[in-house]
Amino acid sequence: MKLLAGFVLIVLLAPAIAPYEPGRQFPGYQYAPPMPPRLLDAERVHAPFAYALHAVDPIERRYAEDRSRRVNSFAGDAPWFLLGSDAFGRDVLSRVLIGARLSLGIALLSTLFALILGAGIGAAAAHAGGWIDALLMRLADFVIVLPGIYVVLALRGALPLVLSTSQVFAAMVAVLSLVGWPTVARGVRGILIIERQSEYAEAARAVGASAWRLIGRHLLPATRGFLSAQATLLVPAFVMAEATLSFVGLGFAPPTPSWGAMLHDAGAVQIAADAPWLLAPAGAVVLTVFLVHASADRSEPSSAPIFRNQVL
Amino acid sequence: MGFLLRRGLAALLLVFAVASGALLLAQLAPGDYAAQFGKTPAQIAADRHRLGLDRPFGQQYAAWLKRSLTLDLGESFQYDQPVAALVRARAANTAVLAVTALIVATAVGIPWGVVTGSRNGAIARMLRALSLLVLSVPPLISSLALLTIAARTGWFPVSGMGGPRHLVVPTLALALPIAAMLERLQSQSIGDALDRPSTTAARARGIPESRVIWRHGWRQSLAPVLAVYGVIVGSLFSGSFAVEIVTSWPGLGLLMQQALMTRDTNLVAGCAVAGAAFLAAGILASDIMLAVTDPRMGIESMS
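Note that the protein sequences, when read in sequence, are chains H and Z. Letter by letter, the first sequence follows residues 1 to 312 of the working numbering. Letter by letter, the second sequence follows residues 1 to 303 of the working numbering.
These aren't lab readings, by the way, just hints derived from the structure by calculation. Some hints here could point you the wrong way.
Claimed, not checked - Not everything, but these chain Z residues come out facing chain H in the computed CB check (under 8 Å):
(1) S20
(2) L133
(3) G275
Stated by the list, open to error - Non-contacting residues of chain Z with respect to chain H, defined by C-beta distances greater than 10 Å in every case (computed):
(4) R55
(5) L65
(6) D72
(7) V96
(8) L132
(9) D195
(10) H216
(11) S238
(12) L279
What the hints assert, rightly or not - Residues on chain Z that point at chain H, a partial pick, calculated with CB under 10 Å:
(13) A17
(14) P139
(15) T148
(16) A151
(17) W155
(18) Q220
(19) L222
(20) A223
(21) L226
(22) M261
(23) V268
(24) I283
(25) A285
(26) I288
For glycine and all other residues, C-beta sits at the position ideal for the given N, C-alpha and C.
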């Protein structure tokens, strides 16, 4: 939970942390390599600085450090690309940070909606029973068995190809929640069916609680542990889904900095080989997924993390 | 045989439902294949009529169903070829990739899991952490990373299909996350198996530890691992989509993406049929394997 809160914080604070505007282009600095911060020069220790770059061969985009000039801050004339720059001379680090807003934002919101949708459908199935229950659960099984990314792809394919950034955001959240709900629904239904036979549920019924009050106030709180475990499955899966969709051109369109859209730019073989720092968003995806896996592993070591990637 | 019959029917139902869903979604999509080019309205209308796109959806669907019963999946609009032939060629490519990756994943993941599940030294702990890391790398990223390495070193060809050397990058990219998944499962399962009284009895009889692990423990731990193979078929498919696109492997995923982008309805449905058939076959195979290996799950009781 702390980790998810941390992700929310990154989403909110990204524009303040990013050193440069994500769209700002530095002419003459296309494909500049990363400029690692240094503390030492020939004589003594300094505050962190980097040597400025100068183009050795502007056509081939080869750069060398200019030992006579130093970059001390992000405000100076010469840019400081901690993670290098891309084809338009834009700072990769800033774009990864701003990209976190879209990529993590989509994952968090879709997870929230998938949990709400799943809990609602699960509760409805448990409450209704009979053929409604059977029908809803068969539907859930059907969606679970399909390879998620194809379902996402087909659903996304049913929408217009060209959308504005906020439309893409909304479309992705909708599509991902539609794919993510079934496991949640199955689990919630199972828990509710067991819990409603317990004594506290009996007591609530005895004092005249209505069916919906019983479910909403007494039974659903029992699913909290299950729901937070599901959240640790859904968030990484959705981060990967955004990356895949944008990578294949069905997500955010290029100037928009999402992790998948940035990977799309870096995806051509020769570009990735010559400027591997453009794969930085891949590192961001792996780091996000790894952090969620590791934290979930510590908090509930008994639950197998095998099906983590299985959601999509 | 009731079990096989019921599972077979469920598989057919899956294929039918997926194909219908794909047709419906392709229909809901705005625009159609005929309207995509800079043509005059008259030409567009003529093309629509030629491709049968001007009829109501119910009729188109009925016609498609009737044809597909005779295994005729119609013509692809963009390739001007029968969908069945196109899909067959591409599905074979995907199958080569998926089967190789599955073999590699099994050969790596199972021993990996047995080691991490039965030992507790520094190496086992390192291997466990490694699997958690690999589990965090989706096929899209593993293929991009391997592609970059291959391009920089020139050890392996980076895209397309050719000899067996072309298989290395896509196979590894697809197999690694699945190997890590198998490792987690096998690790837990053999840990449980080694805690059972039968293992203690085997040790008490003086059977060497490695034999206890590999013969007694491993065999008992197989059922949960085999059970997951049905699910793995699904993740092989999801994974191969990303891998095919990154490494330009001419498989079903790449074809499906093109078909979706160009609104080639017949081709979308054809790809969906092929994909669903693969999926159903994989799940069926895993069910049968499970029933055969675990005597407690007799084929009769598994319905």
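Do the hints match the structure? See the list:
no. : hint : in the structure
1   : S20  : 12 Å, violated
2   : L133 : 6 Å, holds
3   : G275 : 7 Å, holds
4   : R55  : 20 Å, holds
5   : L65  : 19 Å, holds
6   : D72  : 22 Å, holds
7   : V96  : 18 Å, holds
8   : L132 : 6 Å, violated
9   : D195 : 14 Å, holds
10  : H216 : 22 Å, holds
11  : S238 : 4 Å, violated
12  : L279 : 7 Å, violated
13  : A17  : 7 Å, holds
14  : P139 : 9 Å, holds
15  : T148 : 4 Å, holds
16  : A151 : 4 Å, holds
17  : W155 : 12 Å, violated
18  : Q220 : 17 Å, violated
19  : L222 : 15 Å, violated
20  : A223 : 14 Å, violated
21  : L226 : 14 Å, violated
22  : M261 : 7 Å, holds
23  : V268 : 8 Å, holds
24  : I283 : 7 Å, holds
25  : A285 : 14 Å, violated
26  : I288 : 17 Å, violated
Of the numbered hints given earlier, the model fails hints 1, 8, 11, 12, 17, 18, 19, 20, 21, 25 and 26; all others are met.
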